[in-house]
Amino acid sequence: MELIIATHNENKVLEFKKKLSSKYLLKSLHDLNFKDSIPENENSIKKNAIFKSKFVHNIFKSNVFSDDTGLEIESLDNEPGVNSARYSGEKKDSLKNIELVLKKMKGVLNRKARFRTTISLIIDNKNYCFEGIVNGTIIDTPKGDMGFGYDPIFVANNMKKTFAEITLSEKNKISHRAIATNKLIDFLNKKVF
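Sequential numbering of the sequence shown, starting at -17, is according to our numbering.
Keep in mind that the hints were calculated from the coordinates and are not lab data. Quick caveat: nothing in here was measured; it's all calculated off a predicted structure. Note that beta-carbon positions come from the ideal geometry of N, C-alpha and C, so glycine has one too. Take these hints with a grain of salt, some might be off.
To be verified - Here are the computed lysine-lysine pairs in the DSSO-like style, where the Cα-Cα straight-line distance is at most 27 Å:
{"no.": "1", "residue 1": "K36", "residue 2": "K17"}
{"no.": "2", "residue 1": "K94", "residue 2": "K29"}
{"no.": "3", "residue 1": "K94", "residue 2": "K155"}
As the list claims (entries may be wrong) - Across the chosen pairs, the derived CB separations fall in these ranges:
{"no.": "4", "residue 1": "S19", "residue 2": "N139", "range": "23 to 29 Å"}
{"no.": "5", "residue 1": "N92", "residue 2": "K142", "range": "16 to 22 Å"}
{"no.": "6", "residue 1": "I156", "residue 2": "N40", "range": "18 to 24 Å"}
{"no.": "7", "residue 1": "T123", "residue 2": "K17", "range": "21 to 27 Å"}
{"no.": "8", "residue 1": "K43", "residue 2": "N92", "range": "45 to 51 Å"}
{"no.": "9", "residue 1": "S57", "residue 2": "N15", "range": "24 to 30 Å"}
{"no.": "10", "residue 1": "F130", "residue 2": "K86", "range": "16 to 22 Å"}
{"no.": "11", "residue 1": "Y110", "residue 2": "K85", "range": "35 to 41 Å"}
{"no.": "12", "residue 1": "F42", "residue 2": "N139", "range": "36 to 42 Å"}
{"no.": "13", "residue 1": "E81", "residue 2": "N107", "range": "39 to 45 Å"}
{"no.": "14", "residue 1": "K29", "residue 2": "L91", "range": "31 to 37 Å"}
{"no.": "15", "residue 1": "N107", "residue 2": "E72", "range": "28 to 34 Å"}
Use the sequences and the hints to build the structure in full.
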């Protein structure tokens, strides 16, 4: 079965292809030569994921899934949340986003945070959502050069390394996106086509 991954983020495409490509023919927006940006104006992670999958589905009339992910920091009233990619401005600059988080967290004792991912799947013109959450803490100084986004400052509970210090294979076993993707895979495996 063919599935379109509704994202321009090649890091996300890589993570999804690593988990799904053995059973499904995955096509990224890059593969389809689709360069238009997809609006992300909704007020929640779930609503953004749904909007993105519907947006791409309406163009290609094909099975599609998208995700939206946010870092929610307890002491910052769950910021950056839905605005995670644009936290420091519209340019989606990961380094500046991390700098802003660390600036706001300076001297803050409560470092609890979580990554939340919602995957929205449109298949046979029906929409399904799958969520993954990983709880952890924000560290004071970025560590690691793997991963992307806020990975260098996030340590999942029961781990000693940031997401940027572990391999993609390790991350794909425990991450928020992996949890949501596993739910997606379970659903697809049970669905009769």
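Hints and how they fare:
At most 27 Å may separate the alpha-carbon atoms for a hinted pair to count; K36 and K17 meet this at roughly 17 Å. Of the pairs offered as hints, the one joining K94 and K29 holds, with about 24 Å between alpha carbons and a cut-off of 27 Å not exceeded. As the CA atoms of K94 and K155 are separated by approximately 21 Å, the hinted pair is consistent with the 27 Å bound. Range check, S19 to N139: Cβ separation about 35 Å, and the 23 to 29 Å hint is violated.
For the hinted restraint 16 to 22 Å between N92 and K142, the CB-CB distance of approximately 20 Å keeps it satisfied. Checking the proposed 18 to 24 Å range against I156 and N40 shows it is violated: the Cβ atoms sit about 34 Å from each other. About 36 Å separates the C-beta atoms of T123 and K17, a value inconsistent with the hinted range of 21 to 27 Å. K43 and N92 have their C-beta atoms about 47 Å apart, which keeps the hinted 45 to 51 Å range intact.
Between S57 and N15 the Cβ separation comes to about 43 Å, which falls outside the hinted range of 24 to 30 Å. At about 21 Å, the CB distance of F130 to K86 agrees with the hint of 16 to 22 Å. Remark: the range hint 35 to 41 Å for Y110 to K85 is upheld by a beta-carbon distance near 38 Å. Roughly 39 Å separates the CB atoms of F42 and N139, a value that falls within the hinted 36 to 42 Å.
At about 43 Å, the beta-carbon gap between E81 and N107 stays in the expected band of 39 to 45 Å. In this structure the supplied range 31 to 37 Å holds for K29 paired with L91, their Cβ-Cβ distance being about 32 Å. Range check, N107 to E72: about 33 Å between beta-carbon atoms, so the 28 to 34 Å window is met.
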